[in-house]
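Residue numbers (the numbering used here), protein chains in the order written: chain A, 634 to 1219; chain B, 4 to 250; chain C, 70 to 182; chain D, 28 to 156.
Treat the hints with care, as some may be off.
[Said to hold, decoys possible] Under the rule of at most 25 Å between Cα atoms (straight-line distance), these lysine to any residue pairs were calculated in the SDA-like manner:
1) B:K126 x D:G126
2) B:K147 x D:Q133
3) A:K754 x A:A1059
4) A:K934 x A:P904
5) B:K147 x A:A746
6) A:K956 x D:Q133
7) A:K957 x B:E197
8) C:K72 x B:E142
FYI, nobody ran anything at the bench for these hints, they're computed from the structure.
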Amino acid sequence: MEIIQTDIAIVGAGGAGLRAAIALAEMDPKLRIALVSKVYPMRSHTCAAEGGAAGVIKSDDSLDLHFNDTVGGGDWLSDQDAVEYFINEAPKELIQLEHWGCPWSREPNGSVAVRPFGGMKIKRTWFAADKSGFHILHTLFQTSLKYPSIQRFDEFFATDLLVDDGRCQGFTALEIRTGQMKQFQAKAVIIAAGGAGRMFPFTTNGAIKTGDGMALAYRAGAPLKDMEFVQYHPTGLPNNGILLTEGCRGEGGILLNKDGRRYLQDYGMGPETPVGQPVLKTMELGPRDRLSQSFWHEQQKGNTVSTRWGDCVLLDMRHLGEKKINERLPLVRDLCISYLGMDPVKEPIPIRPVVHYMMGGIHTDINAATPLPGLFAAGECACVSINGANRLGSNSLTELLVFGRKAAMSALAYMQSGLSTAKDAALAAQAKDSESRIQALFDQPAGQETINGLRQEMMHTMEQGAGIYRTGEGLAATCDKIAELRQRYVGISINDKSRVYNTDLMQALELGSLLDCAEAVAVGARDRKESRGAHQRLDFTARDDQNLLKHSLAYYHPKEPPRIDYLDVVITKSQPGVRDYSGAKK
Amino acid sequence: MSERQIELEVLRYDPEKDSAPRFQTYSVPCLNEWVVLDALNYVKENLDTTLSYRWSCHMAVCGSCGMMINGEPKLACKAFIHEYSDKIRVEPLAHFPIERDLVTVIEDFIGKLSSVKPYLIPKDDKPISAGEFKQTPAELIKFKQYTLCINCMLCYAACPQYGLVPEFVGPAAIALAHRYNQDSRDGGRDARQEVVASNEGVWECSFVGACSEVCPKHVDPAGALQQVKVASTIDWYKEHLMPWVKK
Amino acid sequence: MAKSNKPIFWSLFAAGGTVTAFVTPALVLLLLFASLGLVPSLFTYEHLHDFAHHWLGKLIIFGVILVSLWHAAHRLRVTLHDFGVRADTVVAYAVYGIAGLGTLMTLVYLLRI
Amino acid sequence: MSCKPYIRETSKTTWYLEHPRYKRYMAREVTCIFILIFTFELVCALGAVANGPEAYAAFLAKLHSPLSILFNLVALVVTVYHSVTWFNVTPQAMPVQIGEEFVPGQYIVGAHYGVWAVVSLVVLILGVW
Ligand SMILES: Cc1cc2nc3c(=O)[nH]c(=O)nc-3n(C[C@H](O)[C@H](O)[C@H](O)COP(=O)(O)OP(=O)(O)OC[C@H]3O[C@@H](n4cnc5c(N)ncnc54)[C@H](O)[C@@H]3O)c2cc1C
Ligand code: SF4
Ligand code: F3S
Ligand code: FES
């Protein structure tokens, strides 16, 4: 097996991975950096982000306000020291991106423009029309081309971490073109492999968001944190889950039920604000968890509109007018017309909540370091945690930058702290095992199980048991089901025996990652007997700060469900309080 | 929504087995609102797991799923079934070597993209602490269109000159160079000209215009290329006839 | 990679493309009339001679013919390439040679008028 | 390595038959042949003028041949096609920005058509006068 020697290897070339790579290249031009990604960097799912990235820049805003919005929005499950670091670094990172050429939308005087976003008390979301993530990703990718020390391994699929001497020292990755396994040997590894929304059937996440990075770390012994918190975005296109950005509501779009009532006022986010004059943190600009939950209640009451794609509510943007929609929300209009055949300039758009983001992920400390020495994580796959129980829209893109860079700094410091030399034989043996695991998939005779069959069952049970509202009973069933699926997974085989660009094989590996992550979600949710942020239990409707103002940590077991442990939340200056989204009252 | 039975004729090529590509036909029950990518996913999930193709976002933004659909370069996730008859032919993007089935080798494109120095080379250095560069909406709009490229390579598949002269740097890469040249914050045009203004650069383009016709993001690379030609020509005259004039 | 010298030819091509787009159809129409026997007054000997005799007329004639020739020559070079003729250097010498010859002839004729 | 990418060759001589837009392109490109011949027609006219009235009369006589009529007829169509294709792409090559907006392409094309009409009229009037 070919061994690729590097100093620091990064798994994932989305926003977080690219930011880390650039930071490393800038800190030390002599460093050998391997940037490994299962897709070409600009295909990473950061490109799909529409709305924008939050950072304090305007004079009417303050770091404290951003802090409070983030911590309150996260239902006090965020680590406040991490949030503090985050909000401090946020503006610098966004300016840095501006200096790299990101085409942020502008004010007439040439300074960057900001837009309102859900759960934010003040306009602070930097945006590049409604293609913010796209522009961030392409700016980062193009900037990364400046640095010869960033060696890219595009279309390499990381399969297992190599851990010896209690330290992470690299990983194995499949070169997708050739089907050959390569051993990446590194002094430190950063995982930035994105989210895992694909464990659900209805999601805004692209096909590549299969939790591989989380599973890599998890299987190597690093725990997954707060996995039970899964964010539903309230406004997805009903037929395929394509996201309509929160910017729609930020610009003044309103949500209506079948009677044309702005139903959010019935769920503690009112009183009603005038149409076309959105008020921050009120009504349509409430946080995502609340909005998605209101949908569920409306559905229970029979107030939703039934469409051929299921129950929906309506997002009405007609009053914004064609000019503003074209200028601020061109992609939204294009998506509605293309994929739904409806024009938001002319008619209200049916939408429903859709799985969007994993608040949980690989447990890291404030330095982006995991408990496994030598392993760092950043981006959606990591849980620092700044997002707590519910991420505020537009904090995630900024998080990629802030903690992507932080991970790079920590990894470099770790590397420079002097390490014992690697035991090559031990690593080679592990790499060999990893290769055999892939070989076994080829050799296994065709059996009963199909990859698609298992995947469908997994998605179904996740939606049934671990959706917007959960019950102990439903979760127990889902846990059982996932445990069963993990067992059955052992029996899968692949039909495609070719080594070249074998997507059958990749889907098999991705399914394995998804099942591991899904189990952490389900078990974490079953054991969290309270309602907080995005995790809502019908059998435990209150928040329980007494017992559960804690992060959950799921530890992997190859055959059994994960062991769940808890860790205190870091609270520095904001004591848990009431999340108030009825700003219009005052 | 009505269901339709579509004959999907897909090019297959497995380098380990086949010496040349062949077509395989799948009969796929499609909803009228589907895109061709949905039909391919149906095949992959239900009929034949060995079919290989790239995709991720399903919303025309990641640029992975470019392929020839009835001979036209298209994003499979933006090729609507209702616009086609009951027989649809799907092939890998033209002008690129076929790795496997619908997957092409795109290293050449990536290399060309990298060769034009597609990053901001600031006119003036400015520390982060000094804040952002000012850029008015009028300055932004000057290059905005060229930032919209998703690197889907449909333009390369449409451009006959790229097919005929593989050295041609090609539409998307040059449009990207133009994007930075036009940016009020940038001062790197000279550095980019070496590649862009070479014979293999913009001068291999004969303004066929096919690139802009197929571009799903309305980047209009053809326009960018002509503008680069005009600017490079002015450069040339300045350099050769008026060497004393500083650019 | 080195910067190309194509700008010389391309600038003539572009200028010629524009000039021919504006005036050539009308000129062709005039000559078509002439070929049908309805010689328009410009194409009578006297008028043409007077026109070409005046320095401004000379300049206009020379300008139009020059850019038309070089426009056509450069495009022909590309077109031959498009038809599969790969000997670009030979083609370039040939087509630019023709354009050069035409330019020279024009110059000589104009000087003689 | 087991990969063995398959390369599809583009035919260097017949590629333009593969798509209508390529045929349209080639039609545009071959206009140059007509423009070239026509320009030489002008050069010949000039040469005839330089050689005196008899030479010019001979030139006009040659121009009267059916072949020449046919050529000029076809050239008329072809050069109009050249003009149209040329003007239609000018907004791409030379966009005009006023403040925060680009002037819509059809205005630029329209302006060119307008000038074209005026120029043609002037040439025709001058020519027939
Ligand atoms: C539709 C949509 C809209 C959004 N809008 C916003 C918004 O407006 N504001 C905001 O703040 N956030 C938004 N988000 C969230 C945000 O975009 C994501 O959380 C963020 O982009 C994740 O970035 P990342 O770098 O962590 O991962 P990604 O960009 O997903 O990149 C993951 C990388 O890891 C690689 N990878 C994965 N597995 C492997 C493997 N096994 N081997 C090798 N490489 C691997 C992939 O190839 C890829 O390069 C949105 C998300 C979605 C889905
Ligand atoms: S210019 Fe258009 S067609 Fe070409 S790669 Fe970019 S988006 Fe695709
Ligand atoms: S199609 Fe090709 S020739 Fe030029 S205008 Fe576009 S790059
Ligand atoms: S799947 Fe992303 S562009 Fe089609």
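### Message
Hint check: K147 (chain B) vs Q133 (chain D), CA-CA at most 25 Å. Holds or violated?
### Response
holds, 20 Å
### Message
Need the status of pair K72 (chain C), E142 (chain B): alpha-carbon distance at most 25 Å?
### Response
violated, 28 Å
### Query
Does the structure keep K957 (chain A) and E197 (chain B) at a Cα separation of 25 Å or less?
Violated, at roughly 41 Å.
### Message
Hinted pair, alpha-carbon criterion (25 Å max): K126 (chain B), G126 (chain D). Please report holds or violated.
### Response
Measuring from Cα to Cα gives roughly 23 Å; hence the hint holds.
#### Entry: Holds or violated: K934 (chain A) to P904 (chain A), with C-alpha atoms at most 25 Å apart
Roughly 20 Å between the alpha carbons, so the hint for K934 (chain A) and P904 (chain A) holds.
### Query
Do the alpha carbons of K147 (chain B) and A746 (chain A) lie within 25 Å of each other, as the hint requires?
Within the cut-off at roughly 15 Å; holds.
### Message
So if I understand the rule, the pair passes when the alpha-carbon distance is 25 Å or less; does K754 (chain A) with A1059 (chain A) pass?
### Response
Between K754 (chain A) and A1059 (chain A) the Cα gap is close to 54 Å, so the pair fails against 25 Å, i.e. violated.
### Message
Can you confirm whether the C-alpha distance between K956 (chain A) and Q133 (chain D) stays at or below 25 Å?
### Response
holds, 20 Å
In summary, the numbered hints that this structure violates are 3, 7, 8.
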